[in-house]
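Protein chains: 2
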Amino acid sequence: MIPEATIRRLSVYLRCLRRAKARGEDMALSSLLAHRCGVSASLVRKDLSYFGGFGIKGKGYRVDELIRSIEGILGIDRPIRVVQIGVGNLGSAILRYLQQVPYFKILAAFDIDERKWGKRVGEVEIRSCGELGEFLRENPAELGVISIPPDGVQDVIDTLWRGGVKGVMSFALAEIDVPEGMVLQFVDIASELEFLYYKAKKQKK
Amino acid sequence: MIPEATIRRLSVYLRCLRRAKARGEDMALSSLLAHRCGVSASLVRKDLSYFGGFGIKGKGYRVDELIRSIEGILGIDRPIRVVQIGVGNLGSAILRYLQQVPYFKILAAFDIDERKWGKRVGEVEIRSCGELGEFLRENPAELGVISIPPDGVQDVIDTLWRGGVKGVMSFALAEIDVPEGMVLQFVDIASELEFLYYKAKKQKK
Numbered sequence: 059m060i061p062e063a064t065i066r067r068l069s070v071y072l073r074c075l076r077r078a079k080a081r082g083e084d085m086a087l088s089s090l091l092a093h094r095c096g097v098s099a100s101l102v103r104k105d106l107s108y109f110g111g112f113g114i115k116g117k118g119y120r121v122d123e124l125i126r127s128i129e130g131i132l133g134i135d136r137p138i139r140v141v142q143i144g145v146g147n148l149g150s151a152i153l154r155y156l157q158q159v160p161y162f163k164i165l166a167a168f169d170i171d172e173r174k175w176g177k178r179v180g181e182v183e184i185r186s187c188g189e190l191g192e193f194l195r196e197n198p199a200e201l202g203v204i205s206i207p208p209d210g211v212q213d214v215i216d217t218l219w220r221g222g223v224k225g226v227m228s229f230a231l232a233e234i235d236v237p238e239g240m241v242l243q244f245v246d247i248a249s250e251l252e253f254l255y256y257k258a259k260k261q262k263k
Numbered sequence: 059m060i061p062e063a064t065i066r067r068l069s070v071y072l073r074c075l076r077r078a079k080a081r082g083e084d085m086a087l088s089s090l091l092a093h094r095c096g097v098s099a100s101l102v103r104k105d106l107s108y109f110g111g112f113g114i115k116g117k118g119y120r121v122d123e124l125i126r127s128i129e130g131i132l133g134i135d136r137p138i139r140v141v142q143i144g145v146g147n148l149g150s151a152i153l154r155y156l157q158q159v160p161y162f163k164i165l166a167a168f169d170i171d172e173r174k175w176g177k178r179v180g181e182v183e184i185r186s187c188g189e190l191g192e193f194l195r196e197n198p199a200e201l202g203v204i205s206i207p208p209d210g211v212q213d214v215i216d217t218l219w220r221g222g223v224k225g226v227m228s229f230a231l232a233e234i235d236v237p238e239g240m241v242l243q244f245v246d247i248a249s250e251l252e253f254l255y256y257k258a259k260k261q262k263k
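The listed protein sequences correspond, in order, to chains A and B. Numbering-wise (our numbering), the first sequence opens with residue 59 and increments by one. Numbering-wise (our numbering), the second sequence opens with residue 59 and increments by one.
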């Protein structure tokens with residue numbers, strides 16, 4: 059079984075590899091991949107060894123082959139269908155960013171503020187949160203991204219769950235009853251910064 | 059030595075505990091903490107066991123005691139001094155959020171768009187990116203948060219490093235020469251979503 063930490067890094071490697079491919083690079087050395095992804099070369103080699111060695115000594119990995127392998131493991135053989143709930147500053151930034159990533163398809167965004175309904179962020183239309191349940195019945199989504207205040211998160215989670223969404227990322231820490239079979243991931247920037255502070259302090263002066 | 063994954067979760071527990079304290083709760087059961095943080099109760103107990111057992115059987119952990127212990131381990135005995143570079147949608151959202159967290163002190167924000175200079179997001183003044191180096195000489199900061207396009211990241215990293223900043227979080231994936239002794243952490247929402255998708259697919263139907 060591949061460790062979760064490895065899976066998490068695979069998608070970072072994937073992003074680096076796609077950038078390398080776009081620049082016309084055929085081969086990627088583990089040292090270069092490591093440098094670009096901010097991990098050690100030995101860790102890159104260890105991670106990639108979990109699914110067979112594609113590296114050629116002194117030349118590195120075939121970029122195309124490695125991209126296809128990682129995509130296969132992550133299951134990204136077609137775009138991941140996403141709905142976004144909450145179109146404030148953070149929600150808008152996420153919407154704009156994800157629209158640049160080809161293997162995500164943002165189906166729609168939802169907000170409680172009626173002044174936003176019918177407007178677009180990039181190509182994505184903003185709808186009323188009240189429409190979320192019905193929308194999902196007609197437009198199945200795999201993931202939901204939530205960037206609303208904590209108090210509203212439980213209701214949104216429940217609606218997403220009833221609509222068949224199995225994975226949710228929330229930028230608001232909230233005490234949630236997570237339906238069994240749903241994966242909820244919090245992204246908390248304050249926690250990430252604390253962790254960074256801890257690591258930075260351990261560095262040599 | 060405490061594993062990094064544990065340290066990372068400690069700051070999530072800390073956030074849950076502070077919310078519990080604000081609600082007037084004196085004790086926190088590992089099961090409740092686990093539920094609120096989205097991990098298993100056994101993992102909470104294992105994580106907390108690394109720095110001695112504070113739990114009381116059947117009653118859980120003393121909230122105050124646990125908060126102080128975790129703060130001690132993370133080294134948050136005074137506010138962490140942060141500068142933010144890039145005040146677009148994402149940067150504004152981060153600025154607003156971090157100002158709500160008492161143990162961060164956002165010293166200033168920096169942007170290249172001169173129309174933003176002198177304005178404020180909440181209490182934080184926006185300055186010219188050109189002032190960053192001089193600002194840091196007079197106002198030492200521990201962490202930098204970067205939310206600008208990839209092309210500009212290296213210059214900002216170098217300026218932060220010369221200004222004594224040891225830890226940087228970047229929301230733009232970029233190929234960076236990280237100065238030795240600096241910790242750079244990328245937060246890439248697309249990678250996080252891919253990882254979530256992978257985990258959600260593994261769930262039972």
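Worth flagging that the hints you see were computed from the coordinates, not collected in a lab. You may find that some hints are simply not true.
Same chains, same names: a pair is fine if it fits in one copy or spans any two.
In the SDA-like style, the derived pairs of lysine to any residue whose C-alpha atoms are separated by at most 20 Å in a straight line are [what the hints assert, rightly or not]: (1) Lys104 with Arg185; (2) Lys104 with Arg173; (3) Lys104 with Arg126; (4) Lys115 with Ala92; (5) Lys79 with Leu231; (6) Lys163 with Gly82; (7) Lys177 with Ala166; (8) Lys259 with Arg103; (9) Lys260 with Tyr108; (10) Lys104 with Pro61; (11) Lys104 with Pro207; (12) Lys260 with Arg66; (13) Lys104 with Ala63; (14) Lys259 with Asp213; (15) Lys257 with Asp246; (16) Lys257 with Val245; (17) Lys117 with Gly176; (18) Lys257 with Gly180; (19) Lys79 with Gly221; (20) Lys104 with Glu62; (21) Lys163 with Glu183; (22) Lys115 with Gly222; (23) Lys174 with Asn147; (24) Lys163 with Lys257; (25) Lys257 with Tyr161; (26) Lys260 with Ile131; (27) Lys257 with Ile131; (28) Lys257 with Val236.
Hints versus structure:
Taking identical chains as interchangeable, the C-alpha atoms of Lys104 and Arg185 are never at most 20 Å apart, the minima being 45 Å within one chain and 44 Å between chains. In this assembly of identical chains, Lys104 and Arg173 lie within 20 Å of each other by CA distance neither inside one copy nor across copies; the values are 51 Å within and 48 Å between. For the identical chains of this complex, Lys104 and Arg126 are intra-copy neighbours only, at 18 Å inside a copy versus 37 Å across copies, given an alpha-carbon limit of 20 Å. Taking the shortest Cα distances, Lys115 and Ala92 sit within 20 Å of each other inside one copy (16 Å), while across copies they are farther apart (45 Å).
Proximity of Lys79 to Leu231 under the C-alpha cut-off of 20 Å is restricted to the inter-copy arrangement: shortest distance 15 Å between copies versus 37 Å within a copy. In this assembly of identical chains, the alpha carbons of Lys163 and Gly82 never lie at most 20 Å apart, being 26 Å within a copy and 43 Å across copies at closest. In this assembly of identical chains, the alpha carbons of Lys177 and Ala166 lie at most 20 Å apart only when taken from the same copy (11 Å versus 32 Å across copies). Taking the shortest alpha-carbon separations for Lys259 and Arg103, neither the intra-copy value of 28 Å nor the inter-copy value of 26 Å comes in at or below 20 Å.
Proximity of Lys260 and Tyr108 under a CA criterion of 20 Å is satisfied inter-copy only: 18 Å between copies versus 30 Å inside one chain copy. Taking CA atoms no more than 20 Å apart as the test, Lys104 paired with Pro61 passes in both settings, with 11 Å inside one copy and 18 Å between copies. In this homomeric assembly, Lys104 and Pro207 never come within 20 Å of each other (Cα to Cα): the closest approach is 40 Å inside a single copy and 31 Å across copies. Taking the closest pair of Cα atoms, Lys260 and Arg66 come within 20 Å of each other only across two copies (14 Å); inside a single copy the shortest separation is 24 Å, beyond that limit.
In this assembly of identical chains, Lys104 and Ala63 lie within 20 Å of each other by CA distance both inside one copy and across copies; the values are 12 Å within and 18 Å between. Taking the closest pair of Cα atoms, Lys259 and Asp213 never come within 20 Å of each other, the shortest separation being 40 Å inside a single copy and 23 Å across copies. Taking the shortest alpha-carbon separations for Lys257 and Asp246, both the intra-copy value of 17 Å and the inter-copy value of 19 Å come in at or below 20 Å. For the homomeric pair Lys257 and Val245, the shortest alpha-carbon distances inside one copy (19 Å) and between copies (15 Å) are both at most 20 Å.
Taking the shortest Cα distances, Lys117 and Gly176 never come within 20 Å of each other, neither inside one copy (52 Å) nor across copies (51 Å). Taking the shortest alpha-carbon separations for Lys257 and Gly180, neither the intra-copy value of 37 Å nor the inter-copy value of 29 Å comes in at or below 20 Å. For the homomeric pair Lys79 and Gly221, neither the shortest alpha-carbon distance inside one copy (37 Å) nor that between copies (35 Å) is at most 20 Å. In the homo-oligomer, the alpha carbons of Lys104 and Glu62 lie at most 20 Å apart both inside one protomer (13 Å) and across protomers (18 Å), since each shortest distance falls under that limit.
Taking CA atoms no more than 20 Å apart as the test, Lys163 paired with Glu183 passes inside one copy only; the shortest distance there is 13 Å, against 36 Å between copies. Taking CA atoms no more than 20 Å apart as the test, Lys115 paired with Gly222 passes in neither setting, with 46 Å inside one copy and 39 Å between copies. For a Cα distance limit of 20 Å, the shortest separation of Lys174 from Asn147 qualifies both inside one copy, at 13 Å, and across copies, at 16 Å. For the identical chains of this complex, Lys163 and Lys257 are inter-copy neighbours only, at 18 Å across copies versus 35 Å inside a copy, given an alpha-carbon limit of 20 Å.
Proximity of Lys257 and Tyr161 under a CA criterion of 20 Å is satisfied inter-copy only: 17 Å between copies versus 32 Å inside one chain copy. Taking identical chains as interchangeable, the C-alpha atoms of Lys260 and Ile131 lie at most 20 Å apart only when they sit on different chains, with a minimum of 12 Å there against 34 Å within one chain. Proximity of Lys257 and Ile131 under a CA criterion of 20 Å is satisfied inter-copy only: 12 Å between copies versus 30 Å inside one chain copy. When the C-alpha separation of Lys257 and Val236 is checked against a cutoff of 20 Å, the pair qualifies only between copies, where the shortest distance is 15 Å, while the shortest distance within a copy is 31 Å.
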